[in-house]
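Peer 1: If you want the building blocks of each chain, they are given just below.
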Amino acid sequence: MNSTTVKKGVRDATVSRFDPGTVRSDFPALSVTVKGKPLVYLDNAATTHKPASVIEAITQFYSAENSNVHRGVHHLSELATEKFEESRRKVQRFLNATESSEIIFVRGTTEGINLAAQSYGGTVLRNGDNVVISAMEHHSNIVPWQIVCDRVGASLRVIPINRKGELLQEEFERLLDERTKIVALTHISNALGTVNPVQEMIRTAHDRKIPVLIDGAQAVAHGHVDVQELDCDFYAFSSHKMFGPTGIGVLYGKKELLESMPPYQGGGDMIKSVSFSKTMYADLPHKFEAGTPHIAGAIGLGAAIDYIGELAMEEVALHERRLVQDLTDALTDLPGVQIIGTATNKAGVVSFTIDGIHPHDIGTILNEDGIAVRTGQHCAQPVMDFFGIPATARASVALYNTTKDIQDLVAGVRHVQKVFH
Amino acid sequence: MNSTTVKKGVRDATVSRFDPGTVRSDFPALSVTVKGKPLVYLDNAATTHKPASVIEAITQFYSAENSNVHRGVHHLSELATEKFEESRRKVQRFLNATESSEIIFVRGTTEGINLAAQSYGGTVLRNGDNVVISAMEHHSNIVPWQIVCDRVGASLRVIPINRKGELLQEEFERLLDERTKIVALTHISNALGTVNPVQEMIRTAHDRKIPVLIDGAQAVAHGHVDVQELDCDFYAFSSHKMFGPTGIGVLYGKKELLESMPPYQGGGDMIKSVSFSKTMYADLPHKFEAGTPHIAGAIGLGAAIDYIGELAMEEVALHERRLVQDLTDALTDLPGVQIIGTATNKAGVVSFTIDGIHPHDIGTILNEDGIAVRTGQHCAQPVMDFFGIPATARASVALYNTTKDIQDLVAGVRHVQKVFH
Amino acid sequence: MSDLRSLYQEIILDHNKNPRNFGVLDDANRVIEGYNPLCGDRYTIYLKLEDDVIQEIKFSGVGCAISKASASVMTTVLKGKTVPEAEAWFEKFHALVTHPSGEDADGASLGKLAAFAGVSEFPARVKCATLAWHSLKGALRSSATSVSTE
Amino acid sequence: MSDLRSLYQEIILDHNKNPRNFGVLDDANRVIEGYNPLCGDRYTIYLKLEDDVIQEIKFSGVGCAISKASASVMTTVLKGKTVPEAEAWFEKFHALVTHPSGEDADGASLGKLAAFAGVSEFPARVKCATLAWHSLKGALRSSATSVSTE
Ligand SMILES: Cc1ncc(COP(=O)(O)O)c(C=O)c1O
Ligand SMILES: Cc1ncc(COP(=O)(O)O)c(C=O)c1O
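Protein sequence lines, in the order shown, are assigned to chains A, B, C and D. When we follow this note's numbering, the leftmost residue of the first sequence carries the number 14, and every step to the right adds one. When we follow this note's numbering, the leftmost residue of the second sequence carries the number 14, and every step to the right adds one. When we follow this note's numbering, the leftmost residue of the third sequence carries the number 2, and every step to the right adds one. When we follow this note's numbering, the leftmost residue of the fourth sequence carries the number 2, and every step to the right adds one.
None of these hints come from the bench; they were simulated from the model. Given the structure is predicted, the values throughout are model-derived calculations rather than measurements. Glycine residues also receive a C-beta, built at the ideal position from the N, C-alpha and C atoms. One or more of the hints may lead you astray.
[Stated by the list, open to error] Stretch by stretch, here's where chain B covers chain A in the computed footprint (C-beta under 8 Å, at least three residues):
#	region
1	121–133
2	256–263
3	269–280
[What the hints assert, rightly or not] Straight-line distance between alpha carbons at most 30 Å, and here's what the computed DSSO-like set of lysine-lysine pairs gives:
#	chain 1	residue 1	chain 2	residue 2
4	C	K49	C	K113
5	A	K48	C	K93
6	B	K50	D	K128
7	B	K48	D	K113
8	A	K291	B	K194
Whole structure, please, built from the sequences with the hints as guidance.
Peer 2: Laid out in C-alpha cells, this is it:
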C-alpha cells in the first residue's frame, strides 16, 4: 500500500503502511451502485467482498488449469493437485499450524464444527458427559453439539454473559468438571463483536485436560491467528468471510486428535483400500476429505491469504478498531439508539437497535440510501433472548471500509428516524 | 449450434443440430497446450471443463452481486438470494423434479450419498437389516453405506457382475428381501461405462416397497435425466462433472422422504428457532443446508444447466456413443489391447489395458503426446479385483470431444507400445 | 425517497404505532401462531368464528412495521366478514403486494389495504406484509397451530 | 520423445520385463509391504539381515515399470551391503530422483541407479521410483509391516 497518499480512511496517513482508500480499488464489488447510490457495504460479518486477485485465480484455474486432483498422472491433474496442496500449505502458514496435514478443507465453519462434533464428539461423548459452549455462540456452534449430545445422552452447558456481552469467567470455571469432554467457543461474536479471551480460557480448560474448539469465523479477517500460540485443539473458519470464495473453509485440528478420530464422510480419495468386507482409511488430511474437493475454492482461498499477507494486519486491526469506535461514539450520541454489545474488547461488529423501529425497517430504509447492514437475529437467537429483543441491526466492517462509510451510516440512521418521525 | 458448418466431429453435419467442433471454442481450457502439443482431453469422467459462460457467471457474482443469502434485506443480499434460488429451480427443471424444495445443494455426489446414508439410512436401518449395492459402485457409493451399516449392525449385499461388466438381474432380485431397507446403484459406471437399467431395477425394488438411490455422477453430462420418469427416491450428482464449478452438487430426494429425515448437519439457516434446550428445524430444503452455502457454485451450476439446455442432448448422446464405438473398434484392432467393460449399453467411458504395460506408464507416455486419460483404479477397487487387474487406463468423452481426439488417442496407444517395444 | 414513502405510508406508520385489535382474545375458538424465521417476526392471531362469520379477531406479537401494520389493518377489515369473504380478501391482498403496482390491484375496492401497494416494489418485504394473512388463512382452513413464511 | 527416453531407459525397460531377485524369500527375517494407494502399486520386500549385513534380498508384487524396475535394481545394488551403506544408497537415490537432474547426483558413483535420473523430470512418478526404497528403509529401521507413499 502506498504510504504517502493521504486518504480519509487513515487518520495518520504519514506513518501508516495500510491505506483503506487505496485497497478499495482492489475489490470490484465495492464500486456497484444501489438505488443509484454508491454501495456502502457494512455487512462484512455475513460475507466479505473478494479482491480481483481472488476472482482472477478462480478464472485462471477454470480457464487453463482445470482438472481433478490426486489421482491423475496427466499434466492438468498434476498442476491442479500441486495448486490445491499449495493452498493447504498457505493455510498452514496462515494459521501457523505445525503440519499441513492438520488442515482439513471443508465447506465452511459450519461443516468444520459438524465434523468435529460428529467425529470427535461422537466418539468421546458418553451418556452423562457434557459439552461447554457459551451464551453468545452462533447457531453453527450450538446445533451440531445439541445433535451429538441428544444422540449419546450428553448435555450442553452454557457459559453465561453479562449485560455488556462478556463471558463470565468464574462461571466458566465452575461449569468445567470431569465429565466435560470438550469446550466450544467463538473467538469473536458475530452478534455482539465481543473478542473472547480464548487463550486464557483454553489454558483453563487444558489445566483440566479438556480440549477446546474455537469458532474463528469472525476472527480470521481481522487480525493474526496463531493456533500454536492459542494452543487450541480445533479451529474452524470460512473462506468467504476473509475475502475468499464461497463453499470452502478449514477445520484445523491437532494431529494426534485428528489421527484418533474416525472419518466423517465416506467416498473417493479418503481410503487406502476398499473391499466390500473391509475398508482402510487414508492418512491425514485425506481421511477427512471424501469426494472431489472444492478445488477452485481452495485455490481462491490461497489467493485470499496471499492478499491478506501483503497487508500489515496490525494496521488493519487498528484501522477497524477506530471505525468501530467512531461508529459507537456517533450512535451513542443519537437519542433513541442503543448499542447491543459493549464489551471492553470488541472487533468488527456494531449491533444496535432504535426505539420504536424494528431492525427490519431500519435495514430497508438504509438500503434506499445504498447502505448494506444485516438485520435480524444473526443466527444467534439465544443472544437476542438474553437481551430481550427480537433482532438488531448490525454494521460490520472490513479492511476496505472508511470513515466515510461510517459517516454515511450515521446519516442513514438519522434518516431512518426521520421516516418514522 | 450452427447446423450448416461441416465439421469433422459430426459425420452427418447437414442434419445435425449439434456440432462438437464448434462447441469446443466455448471451453477456454481446451486450448491449452501440454508439452508443446494441443491438449487432447479424455478425462471427462474425472471432471469436465467449463464453458466461458459458467466462468463468467462466477466472475459476475463475485464482482457485482456478491453477498450472503437468505438473511439480508439489503440489495446485494436479495440479489444473491434470488440468483441462488433461481439456480435451485433450474436444477429442478433439469431433473424434472416436482418441487424445488426437493433439491438439496451439497458439495457433490459423495456428500449427497453420505447425507442420504446417514440421515435416511441411519434412521431406518436396524441390526440385521441390509443395504443392496452393486459390484460396480464407486467408493462414494460403497463406503458411506459401510459406515452406517457398521454402526447399526446392518450388512451390505452386492449385486454381482458378469465378465462384460453388466449387473446380474436375477441375482439382484434374489438379494432383495424384507430386511432390505434401501438399494443404492450407479446410473453409469465410471470404471466400465456400463449404463445400468435403473428404471427397471427401481421398479423391481419398488414392487417390494424398497426405496432406491441413484448415483448419477456419470449420467448427467451425457443425456436427459428425469427423476419422475425413473421414479427414483434419491438422485445424486456433482456439478464439476457436468461443466459446472467444483464444490457444488445436488441430492434430489422425494419430498415425503426428505421431510421424514432428521437434519444432517446443524448450523445457521437450517433452523426455525434455537434455544439451548430445544431447536426447531427449518422447512425443506433449508433443513439440509446448514451454514453459508456455496453460493457462487450454485449460480455457476445454474449457468452450466443453461449451457446444456441450449444443446440438443439427444444429439450429444449420439455423438458420444459414436466416439465410444469408434474408440472401442480401433483399440480392439490393436494387438495386446484389452477393453475392460464390454456391456451392450455403454456411455462415455472406455477402460483398457495393454499387455505388459502398466496403466501408470500408459498415462505418462500419453501425457507426453498431450493426451489426458486417467489411470488407476478409478475409485472402484472392487471392479479391479473382479477383473483381476491392478488398474486400467480410462478414456472418457464429453460433448466437446471429436473424432480427431479419438484418432490421437489411438496413435498415442501405438506410441506407448513402441516405447515398450 | 418517494419509493420509501410509498412503502411507509402514514397509515402504515400509524397502525404500527397504534395497532388496532392488539392483544389476547380470551374466548377465541381458533388461535394460530405465524412466524418468519428470517427476521424473527412472530404473531398470534385469535379468531372467534361463529356460523362461518368472523365475530371477533385480535392479534398479539412482535415484528416490523410492515408486518404489524398489515396484521392490524387486516383485523379491522375482516371483523364481521364471512369465511369466503375473508378468503377473497386474502387473494386481493396477495395480488396487491406481489404484482407490479396497479396491474391487478383495483385501488378503489381495496380501501385501507391499498396502503400496502408499495410493498410490491420491495420483494423482500412481501413476506412481512403477508405473514398475518397467511396465518389467518391457516386458522380458517384447519386446526394447525403454527404457520411459517420463509 | 527425448524426455520419455530419459525416463524409460533401456535398463529400466529390461528390469521391468525381467525383474531380478523377484519372488518370495523363504528364510527372510524382515518382510515389509509397500503400497501406493494412488496407483495401486503394491510390493513386498524380503530381507535376510545378519550382523547388520543384507545377506539376501528379494521382492514380489505388482506395479508400473518405474516402480518395478526400481525395486529390481535396488535388490541388485543392496545385496551384501551393510545397513549404514544401504541407508546411504537410499539418500543418494532419493536425491537423484527428487532434484533437478545433475545438480546433486554424481552419475559416476551411482552405477545402474543413474538410469533413474530422468524421473526427476516427472514429479508424479517420484513416488513410483521410491516406493521400494521407502519400504526397504522401513524394513531396516523397524518391525513395521506396511509402508505407504501417498
Ligand atoms: C459413479 C461416481 N460416483 C461418485 C463419484 C464421486 O463424485 P464426487 O467426487 O464429485 O463427489 C464419481 C466421481 O468420481 C463417480 O464417477
Ligand atoms: C461466529 C460465527 N460462527 C459460525 C458462522 C458460520 O459460518 P458459515 O455460514 O460460513 O459456515 C458464522 C457466520 O455466519 C459466524 O459468524
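Peer 1: Does each hint hold? Answer for all of them.
Peer 2: Verification of the hints:
no.	hint	result
1	121–133	holds (count 7)
2	256–263	holds (count 4)
3	269–280	holds (count 4)
4	K49/C x K113/C	holds (23 Å)
5	K48/A x K93/C	holds (29 Å)
6	K50/B x K128/D	holds (26 Å)
7	K48/B x K113/D	holds (28 Å)
8	K291/A x K194/B	holds (21 Å)
Every hint, counting from the list given before, is met by this structure.
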